[in-house]
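Based on the sequences and whatever the hints tell you, model everything.
Just so we're aligned, residue 1 is where the sequence shown starts under our numbering, counting upward by one.
Just so you know, the hints here were simulated from the structure itself, not pulled from any lab data.
Everything numeric in this text was worked out from a predicted model, so none of it was measured.
Treat each hint with caution, since some may be false.
Below 27 angstroms or equal to it, Euclidean Cα-Cα: the simulated DSSO-like pairs (lysine-lysine) are [said to hold, decoys possible]:
id, residue 1, residue 2
1, K523, K573
2, K706, K733
3, K23, K4
4, K114, K523
5, K110, K4
Label pairs and their computed distance ranges (CB to CB) [claimed, not checked]:
id, residue 1, residue 2, range
6, K573, G751, 50 to 58 angstroms
7, V468, K336, 27 to 35 angstroms
8, F352, G436, 13 to 21 angstroms
9, T304, S607, 41 to 49 angstroms
10, K573, L644, 54 to 62 angstroms
11, Q300, D409, 32 to 40 angstroms
12, G751, L601, 43 to 51 angstroms
13, I272, G751, 27 to 35 angstroms
14, G278, K573, 37 to 45 angstroms
Cβ atoms here follow ideal geometry from the backbone N, Cα and C, with glycine treated the same way.
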Amino acid sequence: GSIKGRVTEQDNQPLPGASVYLKDTQIGTATNGNGYFVLSNVPAGQYTLVVSSIGYTTVTKAIEVQENTSLDLEFTMQESLASLPEITVMTGGNSGIDEIPGSVAYLSPKTLSKFSYTDINRTLRAVPGINLQEEDGFGLRPNIGLRGTGTERSSKITIMEDGVLMAPAPYSAPAAYYFPTIGRMQAVEILKGSSQIKYGPYTTGGAINLISTQIPEELAARVELLAGSYGGRNIHTYVGNSHKNVAYLGEAYIFGSDGFKTLDNGGNTGFIRQDYLGKIRVNTNPDARIYQSLTFKFGQVLETSNETYLGLTQEDFNQSPYRRYYGSQKDQMNVKQQHLALTHQIKFSEHFKITTTAYRNDLHRNWYKLAKVTDSTGTATGITDILDNPQAYPEALAIIKGQTSTNPDALDVKANNRTYYSRGIQTVLSSNFTTGNWQHMPELGLRLHQDQMDRYQWVDEYAMNEGVMMLTKSGTPGTESNRIEGASAFAAYLQYRLKYGNLTLVPGLRYENIRLSRQDYGKNDPDRTGTDLQERSNRVAVWIPGIGIDYHFNTHISSFAGIHKGFSPPGSKEGTRPEESINYEWGVRLNKAALSGEMVLFVNDYSNLLGSDLAAAGGGGSNDLYNAGEVLTKGLEFRMSYDLLSRNLYTPFRMPLSVVYTYTDSRFQNSFDSENDSWGQVTVGDEFPYLAHHQMAFVTGLEHSKFSINLSGKYTSEMRTKPGQGVIPANEKTDAWFILDASAAYNLHTGIALFASVTNITNKVYLVSRRPAGLRPGMPRAFNIGIKANF
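Below, the structure written as structure tokens:
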């Protein structure tokens with residue numbers, strides 16, 4: 001006999017790539033692009049048919065197959081993430097995107113598993129509207145922007161894990177020197193335009209919500225072991241279970257590398273990161289009249305990375321792009337991050353629920369790295385200036401390259417020692433009801449939040465002796481930067497979703513009331529007695545409105561538009577205004593069987609852009625924000641996906657193809673003398689730095705129930721590294737590049753697969769940045785191979 005049928009999602013869209021098999025047999029297949037499957041030559045008998053897909057609740061069905069007959073079956077799969085109380089899913093998953101009047105993207109568990117990236121930059125390449133500036137090649141401290149917001153340390157976007165703010169100090173010090181481990185995540189949501197107004201405080205570009213591993217519905221475990229080039233290793237394991245009134249999950253994700261760069265005097269240029277997570281949930285009976293659950297989530301991340309801000313001169317990059325100078329041999333970042341969250345959900349009915357989360361994040365990091373070089377005349381010069389103009393500082397550059405210094409205190413190595421906390425409580429009241437033909441879905445959110453950054457830094461001095469750095473003077477902690485930045489904020493939003501037939505209208509209003517402060521104890525008071533204390537503060541209260549509209553012309557085509565106010569908090573410096581803009585978008589969606597697509601036009605009209613004096617961006621490192629005036633950003637986002645084999649309804653193969661393109665143009669609308677040395681003098685019409693005009697990516701593959709092969713490519717056009725217009729000077733740009741990655745998996749048994757991948761297949765040498773100090777390369781070709789097992 002035979003078994004055939006179709007598997008769909010809740011919105012009746014086909015679910016391709018779902019596993020369909022007979023339990024305790026070797027008979028199985030995968031659904032094709034239209035969701036169809038067929039099992040042929042099945043011996044007569046009774047079986048249990050299992051339908052499963054990553055991120056969906058597994059379905060089982062008892063069946064009986066008779067000789068020379070065919071069974072026709074249909075299955076509707078429910079996304080498992082969307083219904084869990086410990087998970088905050090903003091988009092509603094794949095099936096919910098069509099209902100959002102704004103540009104959003106959802107990277108499903110299956111999408112993430114295709115390449116199993118540990119670098120968030122590579123994970124996000126296939127999402128339109130994202131601007132990326134790579135730095136270390138591993139994605140440890142990414143620079144991410146959305147729709148031209150600027151990329152510096154991802155400080156202009158809202159970063160969340162399970163709906164909780166995750167930047168070390170989101171209001172007072174948003175530069176993300178810590179970013180959650182992407183390899184540990186089960187899904188990723190990217191929200192742009194008016195769809196993300198409720199996820200502040202940064203509402204101009206958008207928000208990224210990382211969804212952690214869910215507690216499984218039944219006893220389940222995972223073991224993933226990978227090893228690869230440059231001493232790369234990756235261990236991912238978890239185990240969890242759900243009982244009637246209690247559930248748990250324990251997870252560990254450990255990955256590292258010896259580094260792909262070569263220090264002049266040898267040594268490790270890699271990293272090791274250990275990420276541990278636990279969840280415990282207690283809940284009433286699932287059928288209780290008023291359902292309640294309480295979920296405790298706790299995690300810790302430990303990282304040691306031998307990373308530096310010191311890049312290369314153009315000449316040295318051309319000769320040896322993966323070189324590391326002698327002067328960076330002591331550079332090392334140490335990080336310890338701890339996360340606690342307690343989430344309570346009470347569901348009074350199918351029409352009203354309240355979800356409340358109390359959270360605290362603590363982070364300590366010390367990035368010990370070369371900052372300045374003092375030559376024989378006693379002149380001290382920062383490494384950014386030296387690498388920007390090496391001809392002007394020949395002696396300082398020679399010392400960096402290992403020449404013995406005549407000055408015993410030639411090398412200033414700064415201990416960028418900082419401690420952060422972020423804590424708060426947030427609650428969301430969600431309701432839905434119907435009046436006549438109108439569906440109402442009001443939602444009210446409230447958040448009380450505090451965060452702080454404590455800078456307690458010092459400088460050690462070294463001599464260079466034939467390529468070996470020798471400590472000559474130990475600094476006293478608190479004698480470099482010695483200050484505390486803090487913020488207290490109350491935020492609220494009201495969003496009211498109205499649906500009438502094919503029309504959806506979503507007005508929303510956000511309120512932010514923020515007090516920012518700084519206590520600077522100065523460099524001569526490490527004990528913080530207050531003798532040199534200087535204090536300053538800044539306060540802002542702002543209403544942030546927005547509205548989105550979506551109309552479905554039929555079951556396949558819809559259009560949406562939105563307008564909302566963009567906002568970013570100011571710094572504590574008096575006179576610094578918040579970043580404000582008016583943002584517009586219009587888009588159209590297509591979703592028909594194996595074909596889906598989206599095109600969006602957007603405009604961000606800034607009345608006041610905020611610049612930042614970040615060392616990571618080549619600035620002085622004060623982290624002060626400053627007013628940068630008017631900027632106009634406009635662009636286009638395009639995405640199209642299709643299964644090339646979908647016309648054959650019952651083929652056991654799939655060949656999905658996804659293509660995305662982003663065009664971005666961002667220009668200053670006024671002239672000013674920037675407070676950031678890396679920007680310099682800005683003139684009307686100058687283009688914004690580190691924003692590629694053109695980005696294009698594709699992902700394709702061949703999938704079968706027994707194996708899969710995937711190929712992805714990303715093209716990025718040249719970028720300016722400083723504001724300007726016209727032809728880009730050779731020393732003020734990164735080159736255009738095109739990178740190919742591939743992966744393959746072979747299923748040895750149900751739940752057990754061999755996995756292999758290669759990144760940068762052609763071993764392309766490409767320049768990703770000229771900051772913080774000198775030229776930096778992208779990751780060279782690297783292989784990974786290992787095994788994935790799910791039990």
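Hints versus structure:
This hinted pair checks out: K523 and K573 have alpha carbons roughly 19 angstroms apart, not beyond 27 angstroms. Proposed proximity of K706 and K733 is contradicted: the alpha carbons are some 45 angstroms apart, above 27 angstroms. Proximity of K23 to K4 is assessed by CA-CA distance (about 16 angstroms); at most 27 angstroms being required, the pair is judged to hold. This hinted pair does not check out: K114 and K523 have alpha carbons roughly 51 angstroms apart, beyond 27 angstroms.
A hinted pair counts as satisfied when its Cα atoms are at most 27 angstroms apart, and K110 with K4 qualifies at roughly 23 angstroms. The hint said 50 to 58 angstroms for the Cβ distance between K573 and G751, and at roughly 56 angstroms that hint holds. For the hinted restraint 27 to 35 angstroms between V468 and K336, the CB-CB distance of approximately 30 angstroms keeps it satisfied. Between F352 and G436 the beta carbons are some 20 angstroms apart, a value that agrees with the proposed interval 13 to 21 angstroms.
About 43 angstroms separates the C-beta atoms of T304 and S607, a value consistent with the hinted range of 41 to 49 angstroms. Distance hint for K573 and L644: a CB-CB separation of about 55 angstroms, consistent with the stated range 54 to 62 angstroms. As the Cβ distance of Q300 to D409 is approximately 38 angstroms, the hint placing it in 32 to 40 angstroms holds. Between G751 and L601 the beta carbon distance is about 44 angstroms. The supplied range of 43 to 51 angstroms therefore holds.
Between I272 and G751 the beta carbons are some 29 angstroms apart, a value that agrees with the proposed interval 27 to 35 angstroms. At roughly 40 angstroms, the beta carbons of G278 and K573 sit within the given window of 37 to 45 angstroms.
Comparing the model with each numbered hint stated earlier shows that hints 2, 4 do not hold.
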